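**Q** Here is what each chain is made of, one letter per residue.
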Amino acid sequence: MEPRKGRAFFRGVHVRDRKELSKDVPIEAFPEPEIATISLSQHIGRPAECVVAPGDRVLAGQLIGKKSGRVSANVFSSVSGTVRGVEKRRGPNGALSDCVIVENDGKGETCALPAMPGFERADIINRVSDAGIVGMGGAGFPTDVKLMPKSEVDVLIINGAECEPYLTCDYRLMLEKTSEVVEGIRLLARAAGASEILIGIESNKPDCVELFSRYDDIRPIVLRKRYPMGGEKQLIYCCAGRKVPPGKLPSDVGCAVQNIHTAYATYEAVMLGKPSYERVMTVSGDGALRPKNLLAKTGTSYSAIREYCGAADDVEMFVSGGPMMGPAMLSTDAHTTKTSSGFLMLKKREVDVLSPRACINCGACAAVCPMRLLPMKIDFYAQAGDYLKAAEIGGVDNCISCGCCAYVCPAKRALIQSITLCKQKLVEMRRGGK
Amino acid sequence: MTKMQSNRVAISDTPHLRHPRTVRGIMLDVLISLLPASIAGVVFFGGRAAFMLALTVSVCFLTEFVWLLAKRQSPRAFFAQFDFTSLVTGVLLALTMPPLDYRYCYVPILASVFAIAVAKMAFGGTGRNIINPAIGGRVFAFIAFMSLMTSGYAVPRYSASVGSEYLSGATPLTRLLGDGVSSVGLSNLDLFLGVGVRGCIGETCKLALLLGALYLIVRRVIRPLHPVVCVVVAGLVGVFMSNFDFGAFLPSVLGGGLILGAFFMATDYVTSPSVPLASFVYFALLGAVIALLRVGTGIETVSFAILLMNLIVPLLDEWLRPRPFGAKPVRLVLRDAILALGKKPRAASSPVPPAAVENPTSPKSGKIESADSSVGLTKEGNPADAPSRDGESTASNAARPSSESGATIRSNNAESADSSADRSASEENVAKRPEGARPGAEGDVR
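Respectively, the protein sequence lines represent chains A and B. So in our numbering, spot 383 of the first sequence is number 383, and the numbers just go up one at a time. To convert a position in the second sequence, counted from 1, into our numbering, add 1000.
Think of the hints as simulated: they come from the structure by calculation, not from any bench. Since this is a predicted model, take the numbers as computed values, not measurements. Among these hints, one or two may not hold up.
As the list claims (entries may be wrong) - Heads up, simulated SDA-like pairs for lysine to any residue below, C-alpha to C-alpha not over 20 Å straight-line:
id	chain 1	residue 1	chain 2	residue 2
1	A	K389	B	L1320
2	A	K425	A	D352
3	A	K412	B	L1320
4	A	K412	B	F1079
Claimed, not checked - If you want the ones that stay clear, here's a sample from chain A, every Cβ over 10 Å from chain B, calculated:
id	residue
5	R4
6	E32
7	V83
8	V209
9	R219
10	P323
11	G326
12	E350
13	I360
14	N361
15	A367
16	S401
Glycine included, every Cβ here is placed at the ideal spot set by N, Cα and C.
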């Protein structure tokens, strides 16, 4: 369908996107890891239950972790080989989790999911659940749960904004696997019960807009280049013109939002019977000698990727994911997960770590907050330990942790840290109160 | 943000990209923007003005230095943290004082010490002060040395074009307030350029002030709208108070320290509101207070007006705070309140209708009440708050696909109350997060 211009939201920030580093590099398959360290907790919710024992032989695509609750996801082996054991390892965000260690035997044998009984809505949702698909934009929320909202959904919005600087994995997928992505989008639309499909694409990707405008059932929405355009509520407003009220879900206004990579994974699971065990990730940053878009297996070591793409001697910081929301890594001694959308090697001139100073109340954070909150008040009350006041005055419950406030802060205050602390304390307090 | 050097890898909190602007950079911009006015002051008032500028700046700097040394901060840490705010205070303080004779040098010294030690550092230093330090210092000097501060206005140089009768006596503004427009005696152009105008060092040459303000606007340190609102409101109230004599507009805008106050003193980040709407109200109110106090007292009151307004900044910030994205807009809250008011008489005999309870009757209480509910402390019970779509779908389990489509959806666990609670909690979690980006150190992976 003809592309349509999206609405603008009048806050947020403009960040230099630096996508030119890896934009034109085609997706390249990364060699299988010698040892895959596959976390059982790659999603939001309960960790998967391990269903293999040390010494077992597994194939690539074989179930090793079974979902253990409503909000959980299956985990699959990404290589064929022998299970060495289950150990606690650090993930890219520094959190410890149980990981299944699989030693690759190099045979590359795979196994697929059984054939689909049909292509009805319930069949697709069951397959998405079986294949362990989670929101691959980074949040990692199980997709099958998202496909069964409490209220009717009529618009499916696909997030092709990719507003995080540096990242180009969704862009390359849209460009190289257009028909597969479109097929996945249609399956998701059927599963969500949506009659209208919109795909939001930032204006810095005109080639993708052109590609998707060829399909009759998909309407591309050209979005202004603005961070955080890919934020769920912002995207819904800019594409469909609906506002999600505070404390409500997208489905409450009849929308569902899915990521490009999730659509691709859905296609693979439904049409090819391939569960979610590999993904495209962007390796970029000034410190990366050869920026690439890699199709990497889950459980690949970041050190191996670092060696493969080459790291400059003076890399200041390693980031997993995008530079605005992805955690900085203590070391590259971690393994990839289903949600690892990027691996950035940043130099000092890109990330100059300055020590925070006193807030001068300039209001820049409030002026850019896409949720119209008051980050300086949240920071102030969080530092004072008055978390309820932070929620009341600052509105911390509505924060999407996009980091715009901390990006513009001239005093370089750790606003996101205060906000995260505040959220955790509030959860504790409310849980305790009940 | 904590910096940790372990294997020479830096760790910081998200976001890792930062805008290049720093507090030091902003303060440097403010200093640069005050240069034209300082130069104009020295040109018009000669060596005295230069002496006072040097005095206030150095005393302000030394006061802060000594204060922090007394608090056991090392000089090295002081210079590492130094952000030029005390220098800005010093320059502004000098610009708001009349060019005093050299023998009264204790006045600027005491004012500087008061400004930094009492108005700023006693409250906790940069960012913690409630009143603008320069204003504090000026008001202190004004009250303590009233005769000097009101009659110390020196004869400016380059005033040959003006008749000698205007060279003695009060400032143009005092004459305007005392005897009306006709007695100002200076053309608006003279007032604008500061030629022959008595007054404080920095406030006479409006051209220099506006040049500096333009620099701040171009550098995006201040927004042009706010000070302009203040100036226009002050001018209009001045016109109103002189029986709608529009000839009084320009003299009351150009006379006195209004431009200096509106563009450089009231825009001080620390002591002005940080909420967009509150800023607007603050500057409009400030303009009105300046004009009214001027007429009421017959003297220049910009500094007192700013001082007064500084004190209500926290209240403005709290009352006029924005509503979160997606919350019911204020105009709808107001409309519902008005509708509820209209409905009341009809339902007078029956118990109060639920809508009247839910909908606040006054705009102010409505604002606070609904802001409360929007942060999730209380649940919104107003059906009008929910989007119209909610009416169509009953938001119940009936709309679940399992009962809608014929096929059944497998669930690994029995659907206990616990798991559904877990689900809704996590779903909320996801709703708060941009899908296109990876969440920060939020402990996603449990």
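**Q** Quick one: which hint numbers does this structure break? Sort them smallest to largest.
**A** 2, 3, 10, 11, 12, 13, 14, 15 and 16
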